[in-house]
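Undergrad: For reference, each letter of the sequence shown is one residue, going 737 to 1016 in this note's numbering.
None of these hints come from the bench; they were simulated from the model.
Keep in mind that a hint or two might mislead.
Unchecked claim - List time: in silico SDA-like cross-link candidates among lysine to any residue, alpha-carbon distance up to 20 Å:
no., residue 1, residue 2
1, K831, T861
2, K829, N864
3, K831, T770
4, K831, Q783
5, K831, G867
6, K829, P854
7, K831, M802
8, K831, P768
9, K829, T861
10, K829, Y806
11, K831, A853
12, K831, E808
13, K831, N864
14, K831, R801
15, K831, D790
16, K831, T821
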Amino acid sequence: MLDRFGREGRRVWELANGIDERPLRPRAYTEPVTETLSLPTESTSLQLLRAAVDTLLQRVYAQPRMQGRYVETATLTCVLEDAPTWERTFHFKTKLGDWRRTAEIIQARLEVEHPQAPVEAMTITLANLSGASGEQLSFFPDLRHDRERRLLETERQLQARLNGKHSLHRLVEVAPWHPLPELRALQVSIDPSAGDGMRSLTTPEIVAVREGPTQEPRAVQIGERWREVTRIEDQWSFDLWWRPTPVTRSYYRVSQANGNQLTLFREQCEDRWYRQDASS
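Build out the structure end to end from the sequences listed, making use of the hints.
TA: In structure tokens, the structure reads:
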């Protein structure tokens, strides 16, 4: 056997007869790295999905286990409202060690293929990790990365002075045309370790309002005092009956005796009043 087929032939004969004296070496396994984010509201907005991808990838690449590691595979999972879970897996031609490049590839595919039902939560899982990159290193400094690093250092210094409170945020335009002000833009902490995720800039606050005969606001309670509405400067309404949770609002921009202005709305479906600043 050895004379005719050489060492490889003998090796094949031994394996065929159950002979294998090589030491057993377990396959190297790296545990996937995962991050999950609940969206501030269920939405099909592509801009919101892109912002969520950025936020998740910054978080996952900031994990200690990802330091000096490169990724070959990423899986994007979206929990949908009243629809099956949507999932796509991305196999990169070269291993990636930067969240921006990873985001570009995932977002490019989302442009042509994205969930059609409202997304409630998103998860990104990075797998097939290694300590080697398939990318050529650049001789030029990454100015954007350096600016983000300095901003993060400033944020960490502010946290130390403000008892851990996150102070610096990115403003992300999601749907500036949307009739619901809270869906137009979001704020995201520049610190990947922040646990507050994405928040609306104009989250409505429940307030007590005294109504007139046609349900217009006559007085609003601010703190423990009632403030008289001296003038209704503007009013508008809309009915988003097609949404999974219908929204029917009547808005009023009102003036008080001290000259201050407030924006109030009556949510007809809830029979409740809210205050919402910067709603125009």
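Undergrad: What's the verdict on K829 and T861, does the C-alpha distance respect the 20 Å limit or exceed it?
TA: Satisfied, since the Cα-Cα distance of roughly 17 Å is no more than 20 Å.
Undergrad: Can you confirm whether the C-alpha distance between K831 and P768 stays at or below 20 Å?
TA: With a Cα-Cα distance of about 15 Å, the restraint between K831 and P768 holds, given a limit of 20 Å.
Undergrad: Run the distance test for K829 versus N864: straight-line Cα separation, threshold 20 Å.
TA: Between K829 and N864 the Cα gap is close to 13 Å, so the pair holds against 20 Å.
Undergrad: Are the Cα atoms of K831 and E808 separated by 20 Å or less?
TA: Since the Cα atoms of K831 and E808 sit roughly 5 Å apart, the hinted pair holds (cutoff 20 Å).
Undergrad: Given the hint that K831 pairs with R801, does the C-alpha gap stay at or below 20 Å?
TA: Given that 20 Å is the threshold and the Cα spacing comes to 16 Å, the pair holds.
Undergrad: What's the verdict on K831 and T861, does the C-alpha distance respect the 20 Å limit or exceed it?
TA: holds (15 Å)
Undergrad: If you draw a straight line from the CA of K831 to the CA of N864, is it 20 Å or shorter?
TA: holds (9 Å)
Undergrad: Taking 20 Å as the top limit, are the C-alpha atoms of K831 and M802 close enough?
TA: holds (13 Å)
Undergrad: For K829 and P854, compute the direct alpha-carbon distance and say whether it is at most 20 Å.
TA: violated (31 Å)
Undergrad: Has the given pair, K831 with T821, been kept, meaning a C-alpha gap of at most 20 Å?
TA: Given that 20 Å is the threshold and the Cα spacing comes to 27 Å, the pair is violated.
Undergrad: Given the hinted pair K831 and A853, is their alpha-carbon gap at most 20 Å?
TA: Violated, at roughly 31 Å.
Undergrad: So if I understand the rule, the pair passes when the alpha-carbon distance is 20 Å or less; does K831 with T770 pass?
TA: holds (17 Å)
The structure shown violates the earlier hints numbered 4, 6, 11, 16.
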